Amino acid sequence: GNSVTQMEGPVTLSEEAFLTINCTYTATGYPSLFWYVQYPGEGLQLLLKATKADDKGSNKGFEATYRKETTSFHLEKGSVQVSDSAVYFCALSGQGGSEKLVFGKGTKLTVNP
Amino acid sequence: NAGVTQTPKFQVLKTGQSMTLQCAQDMNHNSMYWYRQDPGMGLRLIYYSASEGTTDKGEVPNGYNVSRLNKREFSLRLESAAPSQTSVYFCASSALVGLAGGEQFFGPGTRLTVL
Numbered sequence: 010g011n012s013v014t015q016m017e018g019p020v021t022l023s024e025e026a027f028l029t030i031n032c033t034y035t036a037t038g039y040p041s042l043f044w045y046v047q048y049p050g051e052g053l054q055l056l057l058k059a060t061k062a063d064d065k066g067s068n069k070g071f072e073a074t075y076r077k078e079t080t081s082f083h084l085e086k087g088s089v090q091v092s093d094s095a096v097y098f099c100a101l102s103g104q105g106g107s108e109k110l111v112f113g114k115g116t117k118l119t120v121n122p
Numbered sequence: 246n247a248g249v250t251q252t253p254k255f256q257v258l259k260t261g262q263s264m265t266l267q268c269a270q271d272m273n274h275n276s277m278y279w280y281r282q283d284p285g286m287g288l289r290l291i292y293y294s295a296s297e298g299t300t301d302k303g304e305v306p307n308g309y310n311v312s313r314l315n316k317r318e319f320s321l322r323l324e325s326a327a328p329s330q331t332s333v334y335f336c337a338s339s340a341l342v343g344l345a346g347g348e349q350f351f352g353p354g355t356r357l358t359v360l
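Read top to bottom, the protein sequences are chains A and B. Start counting the first sequence at 10; every next residue gets the next number (the numbering used here). Start counting the second sequence at 246; every next residue gets the next number (the numbering used here).
Isolated chain A (complex conformation) (with noise of 0.2 Å):
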């Protein structure tokens, strides 16, 4: 069936670093792939998303850039904030939206000023 793998957690970062969170997923055929953020004491919401092959997602200095040939979908974003602090989790679902989401384990973000 479908899976999901993204880095274990946590990670601590200081301001401005740079943030790359693993993500790597098994399925048949041409999932789409989200990440969704969590802040603390909130319900997730959609970060972005990559429905194709090469289809970069990105949103709020976030992206990620959906690559079949090494079925990863790894999240960057270039200088990260305080306000970055949050649980990050990559998702997918079957071809077409077939199916339900499947999300990974959740990778928990914190960053110092």
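Short derived list, chain B residues pointing at chain A, Cβ under 8 Å:
(1) Gly-285
(2) Leu-290
(3) Gly-303
(4) Gly-352
(5) Gly-354
To be clear, the hints were calculated from the coordinates, so they are not data collected in a lab. Remember, it's a predicted structure, so these values are computed and weren't measured experimentally. Here a beta-carbon is modelled for each residue, glycine too, at the ideal position from N, C-alpha and C.
Given the coordinates of chain A, work out where chain B should sit on it, guided by the hints.
Structure of chain B alone, referenced to chain A:
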């Protein structure tokens, strides 16, 4: 628009008690979902409803029942709570299950403790 709302925000139960978690959305979405979030486990799907009048089991349905009361509301019931059901529960909705790239919108969660 309120988006997805959940009640209650917090609840403490004793083993064997029952309760219903309520969820409502005002985005006219067809599909609704219940997840539980446990430390180190990510989110796991309990039940979902692809459209009004239909419900299906997700990854971890045991010990739960659901009702899709109408298009707006989707409730989750614990008939006889167990300590293993201590978790944070999230309701979500989306325009369609099966929509490629479709975004799910999440409620703020219910933190449930079973003693």
